[in-house]
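Peer 1: The residues making up each chain are set out below.
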Amino acid sequence: MNDEFKGMQVLDRRAFLKTGLAGATGLLWTFRLTEARAGDYPAGYDPDGRRWGFLVDLTRCMGCGACVRACKAENHVPDGYYRTWVERYTMLRDGRVLVDSPDGALNGFPEDPPVDPAEGEQAFFVPNLCTQCSTAPRGPERPAGASSRSRDGLVLVDKKRCIGCGYCVQACPYGSRYLHPDGTADKCTLCYHRLVRGLPTACVQACPVGARVVGDLNDPDSPLRKRLATGRHGVLKPEMGTHPKCFYLGLDQEVI
Amino acid sequence: MEAESSDGKGRPAYARRVFTILAVLLVVGLVVRSFLVPDDFGRDGYFRAAAPEEEAAREPVHQGVEVCGRCHPDERARHDKDVHVRVPCEDCHGPGAEHVKAREAGEPADRGYIFRELAPANCLACHRRLVARPVLFPTITVPEHYALVGVKDMGTACQACHDPHQPLYLDQPAFEARIHPLIHPCTDCHRDGVGNRPRPPGHVVTFECRDCHADVVADASDKAHGSLDCRTCHQFHRDSEFSGRIYKNGSPRFCLMCHQDHPFKARDRMPLLASFEAHLQDVAMTEDDRSKRCADCHLEDAIHSVAGRSRGVVVPGGAP
Numbered sequence: 001m002n003d004e005f006k007g008m009q010v011l012d013r014r015a016f017l018k019t020g021l022a023g024a025t026g027l028l029w030t031f032r033l034t035e036a037r038a039g040d041y042p043a044g045y046d047p048d049g050r051r052w053g054f055l056v057d058l059t060r061c062m063g064c065g066a067c068v069r070a071c072k073a074e075n076h077v078p079d080g081y082y083r084t085w086v087e088r089y090t091m092l093r094d095g096r097v098l099v100d101s102p103d104g105a106l107n108g109f110p111e112d113p114p115v116d117p118a119e120g121e122q123a124f125f126v127p128n129l130c131t132q133c134s135t136a137p138r139g140p141e142r143p144a145g146a147s148s149r150s151r152d153g154l155v156l157v158d159k160k161r162c163i164g165c166g167y168c169v170q171a172c173p174y175g176s177r178y179l180h181p182d183g184t185a186d187k188c189t190l191c192y193h194r195l196v197r198g199l200p201t202a203c204v205q206a207c208p209v210g211a212r213v214v215g216d217l218n219d220p221d222s223p224l225r226k227r228l229a230t231g232r233h234g235v236l237k238p239e240m241g242t243h244p245k246c247f248y249l250g251l252d253q254e255v256i
Numbered sequence: 001m002e003a004e005s006s007d008g009k010g011r012p013a014y015a016r017r018v019f020t021i022l023a024v025l026l027v028v029g030l031v032v033r034s035f036l037v038p039d040d041f042g043r044d045g046y047f048r049a050a051a052p053e054e055e056a057a058r059e060p061v062h063q064g065v066e067v068c069g070r071c072h073p074d075e076r077a078r079h080d081k082d083v084h085v086r087v088p089c090e091d092c093h094g095p096g097a098e099h100v101k102a103r104e105a106g107e108p109a110d111r112g113y114i115f116r117e118l119a120p121a122n123c124l125a126c127h128r129r130l131v132a133r134p135v136l137f138p139t140i141t142v143p144e145h146y147a148l149v150g151v152k153d154m155g156t157a158c159q160a161c162h163d164p165h166q167p168l169y170l171d172q173p174a175f176e177a178r179i180h181p182l183i184h185p186c187t188d189c190h191r192d193g194v195g196n197r198p199r200p201p202g203h204v205v206t207f208e209c210r211d212c213h214a215d216v217v218a219d220a221s222d223k224a225h226g227s228l229d230c231r232t233c234h235q236f237h238r239d240s241e242f243s244g245r246i247y248k249n250g251s252p253r254f255c256l257m258c259h260q261d262h263p264f265k266a267r268d269r270m271p272l273l274a275s276f277e278a279h280l281q282d283v284a285m286t287e288d289d290r291s292k293r294c295a296d297c298h299l300e301d302a303i304h305s306v307a308g309r310s311r312g313v314v315v316p317g318g319a320p
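Respectively, the protein sequence lines represent chains P and Y. Residue numbering for the first sequence follows my numbering, starting at 1 and increasing by one per position. Residue numbering for the second sequence follows my numbering, starting at 1 and increasing by one per position.
It is possible that part of the hints are untrue.
With a Cα cut of at most 16 angstroms, we get these calculated EDC-like pairs of lysine to aspartate or glutamate [unchecked claim]:
{"no.": "1", "chain 1": "P", "residue 1": "160", "chain 2": "Y", "residue 2": "54"}
{"no.": "2", "chain 1": "Y", "residue 1": "101", "chain 2": "Y", "residue 2": "59"}
{"no.": "3", "chain 1": "P", "residue 1": "159", "chain 2": "Y", "residue 2": "98"}
These aren't lab readings, by the way, just hints derived from the structure by calculation. Because the structure is a prediction, the values reported are computed rather than measured.
Full structure from sequences and hints, please.
Peer 2: Structure follows, in structure tokens:
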């Protein structure tokens with residue numbers, strides 16, 4: 001044996017393997033502990049039998065952006081990203097359609113679009129948020145198994161498992177997802193943490209004209225079902241086959 | 001050719017080694033997988049079944065009007081009576097989580113302080129006139145509005161005349177106001193006016209104030225307030241596609257939103273009062289006069305006669 005190692009404890013192969021295996025097992029065990037289930041639903045909340053849905057009344061929205069501001073504060077949405085945003089559609093007499101959304105309407109709409117009033121035909125606001133698809137795109141778009149669906153029908157991101165590959169951001173037909181600077185995908189959760197406590201979503205609570213409604217699609221007496229019954233409604237991009245649970249009252253065919 | 005060595009069944013030793021190694025790798029792989037994949041993964045789908053519950057465990061940030069009203073009942077009462085009733089506190093004041101937490105913990109008053117001085121831009125986020133805004137939502141352009149009410153200092157804040165908690169000083173709660181069909185003067189769409197142009201054939205027929213209140217409208221047109229749109233004073237709230245509510249606003253504070261003297265007001269636009277009490281003091285002949293309101297004296301001469309008016313019924317309540 002080399003002089004250098006004299007007096008030091010030397011591991012034979014068996015001891016090395018033993019120690020190594022034990023260490024690896026220990027590491028895996030601690031990893032497993034951190035993955036143990038954390039939250040439970042608040043007392044009195046039962047997700048089974050519910051199906052959360054949403055309604056946007058385009059005839060009422062006046063584009064103030066209160067929903068965008070409330071959402072940003074409620075969900076700590078970083079600057080430049082939006083879980084909900086408001087678009088403005090301006091239809092011109094020559095058939096062109098202008099769509100704009102300055103800062104996602106975080107500060108409302110500071111001015112009219114640069115269009116000659118004589119050229120404009122009609123204009124309206126369209127709030128956007130996660131449509132909570134019933135059949136969201138699935139498969140290779142979520143390699144880490146981080147896109148989850150709650151038993152009451154909401155599509156959510158598991159921040160602990162998300163690896164930030166961005167496939168789901170590309171797969172969403174509505175542009176509802178974004179890559180958060182913390183390296184995970186992020187999207188509207190329909191304020192799940194508020195719904196389970198019996199509170200409306202932050203945007204519904206903030207809307208001063210009642211243009212947003214959240215409720216249980218399975219409950220015929222929910223405010224959502226009652227408002228849905230008051231008018232003709234549609235969903236965005238029905239041709240994608242995603243069966244969204246976010247409905248729009250007074251939806252125009254130009255809206256995409 | 002014979003293998004180097006073989007077991008009793010004639011399999012070569014290298015093949016045995018390969019299978020042994022593969023078996024060991026498989027077992028190790030399965031063991032490692034059982035540690036790496038959480039127990040509840042796959043129970044409800046290709047994800048951790050506990051993930052939604054973890055998301056639901058987050059604490060809400062916005063507190064809601066109920067929570068605010070617990071400590072601020074006066075503001076709540078004024079606010080709930082007036083037209084901003086559907087604007088929750090936190091729309092203007094910002095989210096209340098830190099404020100409530102600091103107050104409940106008894107921390108000093110400057111901790112979690114959320115008073116907010118509103119800039120005109122904050123009010124205009126809702127009330128700026130935009131083509132895309134629904135026509136029955138009350139909107140202004142600042143120069144036009146300030147010209148109408150005789151404000152000469154363009155930097156004047158909205159709160160100088162309007163109390164955000166009760167913007168119209170209604171006599172009656174907003175949602176107990178008289179129901180009324182929606183009215184649409186031509187100028188709702190033709191904002192620059194239509195002059196005497198005839199209605200083109202096939203044009204939609206809209207419903208205007210004068211269609212029911214012809215006498216009142218005709219009478220108002222040659223009085224001091226005649227140049228105003230009826231809805232300047234008879235503010236209107238849309239409830240549905242077809243109907244809304246017309247507010248009851250006979251309070252002197254409503255009139256004084258325009259007629260109160262301020263340093264920023266132009267003197268020549270309209271009669272201005274230093275205060276309503278002082279005005280009563282000046283003009284009161286009898287003790288009864290001291291409890292009078294603006295319309296008691298000025299309705300017939302300056303606003304319009306109510307001789308020919310028609311009124312509907314009051315239906316209380318209504319969806320907020």
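Peer 1: Each hint: holds or not?
Peer 2: These are the hints, each one checked on the structure:
no.	hint	verdict
1	160/P <-> 54/Y	10 angstroms, holds
2	101/Y <-> 59/Y	12 angstroms, holds
3	159/P <-> 98/Y	25 angstroms, violated
In terms of the numbered hints stated before, the structure departs from hint 3 and from no other.
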